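Asker: Those protein sequences? They're chains A, B, C and D, same order as listed. Numbering that gives the first Met the number 0 applies: residue 0 is where the first sequence begins, and numbers increase by one. Numbering that gives the first Met the number 0 applies: residue 0 is where the second sequence begins, and numbers increase by one. Numbering that gives the first Met the number 0 applies: residue 0 is where the third sequence begins, and numbers increase by one. Numbering that gives the first Met the number 0 applies: residue 0 is where the fourth sequence begins, and numbers increase by one.
The hints are simulated quantities; they were obtained by calculation from the structure and are not laboratory data.
Heads up, simulated BS3-like pairs for lysine-lysine below, C-alpha to C-alpha not over 25 Å straight-line:
hint, chain 1, residue 1, chain 2, residue 2
1, B, K89, D, K265
2, C, K89, A, K399
3, A, K564, A, K58
4, B, K123, D, K265
5, A, K535, A, K513
6, A, K225, A, K178
In this text, all values refer to a predicted model and were calculated from it rather than measured experimentally.
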Amino acid sequence: MRRKTALAGAATAALALVLSACGGGGGSTQQPAQSASGDGAQPAFNAALTQVFNPSTKKGGTLKAANYSDWDSLDPGDTYYGYSFNFGRFYWRTLTTYKPGPGPDGNTVVPDLAEALGEASDGGKTWTYKLKSGLKFEDGTPITAKDVAYAVARSFDKETFPHGPSYLNELLDWPKDFKGVYKTPDVDYKSAVEATDDTTVVFHLKKPFASMDYVVQMPMSAPVPKDKDTGAKYKEHVISSGPYKFEKNEIGKGFTLVRNDQWDASTDPLRPALPDRIEVQVNVNADDLDNQIIAGDLHLDIQGTGLQPAALGKVLPDPALKARADNPTIPRLWYASVIPYNKPLDNINCRKAVMWAADRVANQTAFGGPVAGGDLATNVLPPPIVGQEKFDLYATPESKGDVNKAKEALTACGQPNGFETTMTYRSDRPREKALAEAMQQALSKAGIKLTLKGFPSSSYFSDYAGNVDYVKSHNIGLAAHGWGSDWPDGYGFLQAIVDSRTIRPAGNYNLSVKNDEVDKLIDQASAELDATARAKLWVEVDKKVMEDASILPVVWAKSLLLRGKGLTNIAYNEGQSMYDYILLGVE
Amino acid sequence: MSFLDVKDLKIHFPTDDGLVKSVDGLSFGVERGKTLGIVGESGSGKSVTSLGVLGLHKGGPAKISGEIWLDGEELIGASAEHVRGLRGKKMAMIFQDPLSSMHPYYTVGHQIIEAYRIHNDVTKQVARKHAVDMLGRVGIPEPGRRVDSYPHEFSGGMRQRAMIAMALSCDPELLIADEPTTALDVTVQAQILDLMRDLQREFDSALIVITHDLGVVAELSDDILVMYAGKCVEYGSADDIFYRPEHPYTWGLLGSMPRLDREPTERLMPIKGSPPSLINVPPGCAFSPRCPYAERTGGRAETEAPLLAETEGGHLVRCHMDRTERRDLWENEIKPVLETQ
Amino acid sequence: MTAPLDVSGSASEAHPESVLAGAGKAIQGRSLTRIAWMRLRRDKVALTGGAVVVLLILVSIFSSPIISAFGHPPLEFHQDAIDPNTLLPKGAFGGVGSEYLLGVEPINGRDIFSRIVAGAWVSLLIGFLATLVSVVIGTTLGVIAGYFGGWVDQVIGRLMDVFLAFPLLVFAIALAGVIPDHGFGLEGNGLRIAMLIFIIGFFSWPSIGRIVRGQTLSLREREFVDAARSLGARNGYILFREVLPNLMAPILVYATLLIPTNILFEAALSFLGVGINPPTPTWGGMLSEAVRFYTLPHFVLFPGLAIFITVLAFNLFGDGLRDAFDPRAH
Amino acid sequence: MACPATGQATRPVAVLTYIIRRVVGAFAMLIVISMVTFGIFFVVPQWAGATPEAMAARYVGRAATPETVHLVAERLGFNDPVVVQYGRFVKGLFAGAQYDYGAGVEQCPAPCFGYSFISGQPVWPDLVDRMPVTFSLAIGAAVIWVLAGVSVGVISALRRGSFFDRLSMGTALAGVSLPIFFTGMISLVVFSYGLGWTPPGGAWTDLAVNPLQWAYNLLLPWITLAFLFAAGYARLTRAGMLETMGEDYIRTARAKGLRERQVVVKHGLRAALTPILTLFGIDFGLLVGGAVLTETTYTLPGLGQFAILAIRNQDLPQVMGVVLIAAGFVVVASLIVDLLYAVVDPRVRLS
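If we strip away everything but chain A, and leave its shape as in the complex, we get (with noise of 0.2 Å):
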């Protein structure tokens, strides 16, 4: 599998990355590096990148998480946050699933509840899923197919679920009269999703679609029994058809997770299933948290995003506990969009002259510096996207930005003076202001005057950056902007960023790439079945973006993990990008 190795030559390369960036620290790394590799057993920086660190099959224990913000949901039809997948595999089981445990395999997928990956068939339009045996919720009641269609076919319904992706409800072929399994139920919905037996799920698409495998590692396939789903009260006791069920919830407060005895190890090879209770508390101060890590208090941060600043300059100068650390490159990429809806940055020439001015190490610096920000991104795909390719289409000296190469393209696009246009960011992220403050100053030295504006992350999209009228009649030509992929492909990643046929008046994560071009070649990429041929249009797609100008990458975002005192069995997932929640254990 090229995927494999591509993906591996830039992990290795990432790692190489971290070692030279932190200086005098390669030898100290290097050494208990190797020792990891031997038992596992040894701290050392970035130690469960390509191996399990503190491996163990030891079963018992509770397992103490700690959440700083909230889930949006803990339905599986209704979440969209990543460490929410990572997690929820706990209790619910879906089609497939990223391959557990570290290095370059953690971003394909697996089986899980299917016997196999899914079958294609009629070009790529219909995906068949056989389940195994054996399979059965918390209650003792056998999974079947039509748990998994109806689950399916109820994540269909947005007012009920607004918070799910809505993958599925685009890419099946839905009954023009289905208005979701509470306000229709009469209405057979067969044609998008059906059960032909008891153990198999077939998939009705619109249009042929290569991905389907990754769509169906989401939660909207894992199995809901009809006569217990309470609609949007169901997340209050999500049935479980995993290795632990709820014993209690408190919405806003916690939860605790217990086995769940109806769960067969069999059936599920993937899931140690190690500890005997895990406990998690939500909104818990964010520093808190950290430090209660740092102590030992807490196992695990279920977010996943890695340390907050304070406790990186607690964490990094200290080499007992930055031997405790992970520095993996995640499939993210955090930028600036560069709006083309006012003048003069609808001229190319003008954005041109931004990708140029902009000193792309000050917004390295910005968004937390090589290790705790990132790599300095030169291009739209994050090096985790399988077929990534890096190219720099804006090459600086020292990649600092050249003034004069921006004042060439001020005039070809006749501002030779430059122009003023507004900045927005999220105020409640720091990295966020500070990235607006290093493009303010490296604009201006060529004349570009920014206004800088930061706006709420709960209503940045809805009612800002992502708000067409808004951008236009508020002269705004820049948004601070991060995306991560919701599986590491290009369709993943890029479509909801680039294609210009998602935007709509509100709501918008497209905030720039409105090229035609663009659009073809992903029309191209996502029918295409050839894995290899795919990732190359990806790749084509990425490039037409780059030389669109109308997103200035700043990092391709590295997150600081630190390992729970006392966590076994600690692996790194390039799928999840985060450590593989289901495969923890405690001492």
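Dock chains B, C and D against the given chain A, drawing on the hints supplied.
Answerer: Structure of chains B, C and D alone, referenced to chain A:
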């Protein structure tokens, strides 16, 4: 020696702006069963004097010197605790504004009971009975019910009666009444004055009445002391002061004395100007800036402080003018004007 | 004195009576201001507070030359002062030294001294102007209530009660959180500052209002007002010529004491992230960032001290002023 | 607030009438507050040009389709006129509301504060859940600050100008000049993260679970919050005592021969404390409605933190709930204080 004998009393207050000589060398005496009136404008030091006698300046910022003899005991040198034990029991005081002088949060009865029980080891019931008794004696109707009223539920005259009842609750031998009738209207004034006279006779106590109103002391006093700027300017029997006054300030007071047959605001012979600041009192006669006869002293008024001198049998006057001149002025200029009113 | 600001600009301490005594003197002799000034001149503590206030005002006016003389532009990044591995300032105590007088911020190395100097402007501007708003509203309503009495007084009095018993901070946050981005011909931080001035001023007028009402109430009964009225003076004339001049002293005193409360109010809003938008430096905003870096004492300490010293100076001066105008305090 | 007026002793009937009138007034005030709050969140965004869809887009997942946004806008009723939306809210308060959770309909009994736009959970239980935290914080701090503030104030007043007076009044002035988010942070840095004597921020244990742990966890917030208020109360008490001790009735008490301690406590302090009682009622009422800054600084899961989260998330039902609850506490506290006032000061007539 009198029952109360005050000798060369000085009460000075140090302030940021200088030393305030509120009382500066005052001497007087009063016998049991007798009444002394102390008269002066506000700020002349009369209230400070009374508080000084009660020892209420002790422990404060005031500098006190001189001697206060009460029934043969010297009080200035005595301990604060000892004087406290005498207060309320041996000497008591009636204050000028009974509304502000009684605690608004406690019933009248409570406040009398409290006063009684400080000095008498009795039960609450006994003290309460005493309080009702006292209220009855000062002429409050239905004392058994009114004992549980709050001061603000009383009328002004009733409050003053209650105040008197409180002061008399322990049979004090010295009673000081500070402007006892100022806050009251004229008819009530007369009733209160009658009450005080009656009670004084009954208790045979020494009474000091402090007022700015000569009319009040006219009815009560045996002796009168006229104070100006912390000093005594004229002292004598009531007859001396009313019929043979020799100090121009006393003349002024007499001239501005309100009478029942006159509008209270009308002043026949107002004293021009205002009392001097008690800080940095100028040399010379303190009254001279306001005195119409100051030029008659040939400049001495501005430079030399006059001494308190006896004119005849116990009548003392502090004035640079000689006696004949003063008598002459009184008989020929002042008295006729006053009498035509 | 400044009210403890947790929940809101909670009920302020008020001694209407004590200042009233001062106002009374103003009528009897014109020397009150002189007497007050004499007293103030002797009050070393108040004078120190006043001197600091003057200094702060000068600093905020001349912030640009001060920053160029002693610091770096407040928005400028200084990566050279940051350790690239830890993102923390190089050197002891946050890099405090001759280059950066109060050290630098972590991550981007902005000069803390410059940011504090630049932040003084916002604090003082909002502190003064919000107080002005409170004084205008409070005086107007207080005088009207006190002078006309009756149902007018009842209505206004009830309004003051409502305002005093109101979860103001929550409300102000809610209001500040939904400030639109443009309006009234202003945009961005200009509009935010204007709105904050209005919001803070609007929520802290009742303390002044109550005092003014009380003063007016008693002034109304004074002879000179009676005299003016008997001479046929109109209400407007009496209010502006007779009543208002006699209210100046207490208003001045309480305005001085309201300024620090309002400065704290602004700092609290900025701390909660609904104040002035970054990158404009504000003290409250700096503190809210410092929360995340509590391992860096200098980052917490300097902006906190800036607030503390400013508020303390105003309080000392205001206290002294009150004592000077209040004869009973002596 | 009661108008202090001279008059007759309060009779039970008068008290009852008074209470009824006050409760009616309180309701009126709460309705005004709710209308204003509602207006802020619906009218102000509309001024800024937000459509119902733009408002609904805050409450959907990422990459939601326009259809999803539209459905959510419908579901939350954003397409209705503001008046209708407000009417629905008020109806929920008095008559209860129904919540359609897809698979069925749930009855939300009156007073129904609605369901969170974000989590879909009913608001009222969340508020009830957070009250104990804020209550604990407020009560503990109040005990400390009243005891400390009043005693320091009394001693300072009695020893006016002494070293103690200067020191404590200097400290008090510093205390009222320190923002709680600064002292709170410093206290955490020093005592929790530095010396390790107190737990880190966010520590909270229910009183019923472990009283000792409860007190230990709240110790630092109590002291910090109490310091802020104690400073103010000390200054107030001192000023009040100085004023009261100059009153005529204090002179009377002394003239009766009362011992100084009794003069101070029974006659002086009692009168000096009445204005403090009023202030305390307001302060305490505001505090139990949510100690926003303290709870933010110490990350305590109380009503104040709830308010901030709700406002940041623009979760209107939660904001409405917390604002009304906070205002309600203030109203109740001031009512209690006014009744107490009438007990303490016989001159006050409830009218």
